[in-house]
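Peer 1: So the sequence shown is numbered by this note's numbering: it starts at 3 and just counts up by one.
In short, the hints are calculated from the structure, not lab data. Please read these numbers as outputs of a predicted model, since none were measured by experiment. Treat the hints with care, since some could be wrong.
[Claimed, not checked] Here are the computed lysine-lysine pairs in the DSSO-like style, where the Cα-Cα straight-line distance is at most 30 Å:
hint: 1; residue 1: K76; residue 2: K26
hint: 2; residue 1: K26; residue 2: K62
hint: 3; residue 1: K71; residue 2: K26
hint: 4; residue 1: K84; residue 2: K71
hint: 5; residue 1: K58; residue 2: K34
hint: 6; residue 1: K30; residue 2: K12
hint: 7; residue 1: K58; residue 2: K26
hint: 8; residue 1: K71; residue 2: K30
hint: 9; residue 1: K62; residue 2: K30
hint: 10; residue 1: K30; residue 2: K58
hint: 11; residue 1: K71; residue 2: K12
hint: 12; residue 1: K12; residue 2: K62
hint: 13; residue 1: K58; residue 2: K12
hint: 14; residue 1: K76; residue 2: K12
hint: 15; residue 1: K62; residue 2: K34
hint: 16; residue 1: K26; residue 2: K12
hint: 17; residue 1: K12; residue 2: K34
hint: 18; residue 1: K71; residue 2: K34
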Amino acid sequence: MYAVIRSGGKQYRVVPGQRVRLEKLDGKVGAKVNFEVVAVRTDEGLLTGAAAARVKISGKIVEQGRGRKALVLKYKKTNQYKILRGHRQGYTAVEVGNFHVS
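Work the whole structure out from these sequences, hints included.
Peer 2: Dropping the structure here:
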């Protein structure tokens, strides 16, 4: 059994107990978060739309962090123009809980 959830403008395939890295979410470590469910695959078949909306999936924040540094270089060969910038994207690691059908 697995589900497809939506978070941060992206979709993720998750199973109960899985630890997944999402786009940065507000909240402290240990806080609960709820996800929007797009689809659920069960033994009986695939649930989408209103049937999938009845399934509730929650998770627990286990880590807040920042990813690896990406370096961006702007360079123009004729003007002695060179700028080096770095970027680190924030992420939230979440442990997915059980699926509950309401």
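Peer 1: Would you mind marking each hint as holding or not holding in the structure?
Peer 2: Hint-by-hint comparison with the structure:
1. K76 to K26: holds (27 Å)
2. K26 to K62: holds (14 Å)
3. K71 to K26: holds (16 Å)
4. K84 to K71: Roughly 19 Å separates the two Cα atoms, so the pair holds.
5. K58 to K34: Measuring from Cα to Cα gives roughly 13 Å; hence the hint holds.
6. K30 to K12: Answer holds: K30 to K12 is near 21 Å, not above 30 Å.
7. K58 to K26: Satisfied, since the Cα-Cα distance of roughly 21 Å is no more than 30 Å.
8. K71 to K30: Roughly 23 Å between the alpha carbons, so the hint for K71 and K30 holds.
9. K62 to K30: holds (10 Å)
10. K30 to K58: Given that 30 Å is the threshold and the Cα spacing comes to 21 Å, the pair holds.
11. K71 to K12: Since the Cα atoms of K71 and K12 sit roughly 21 Å apart, the hinted pair holds (cutoff 30 Å).
12. K12 to K62: Holds, because 19 Å separates the two Cα atoms, which is no more than 30 Å.
13. K58 to K12: holds (18 Å)
14. K76 to K12: Roughly 29 Å separates the two Cα atoms, so the pair holds.
15. K62 to K34: Within the cut-off at roughly 5 Å; holds.
16. K26 to K12: holds (12 Å)
17. K12 to K34: At roughly 19 Å apart (the allowed maximum being 30 Å), K34 and K12 satisfy the hint.
18. K71 to K34: holds (28 Å)
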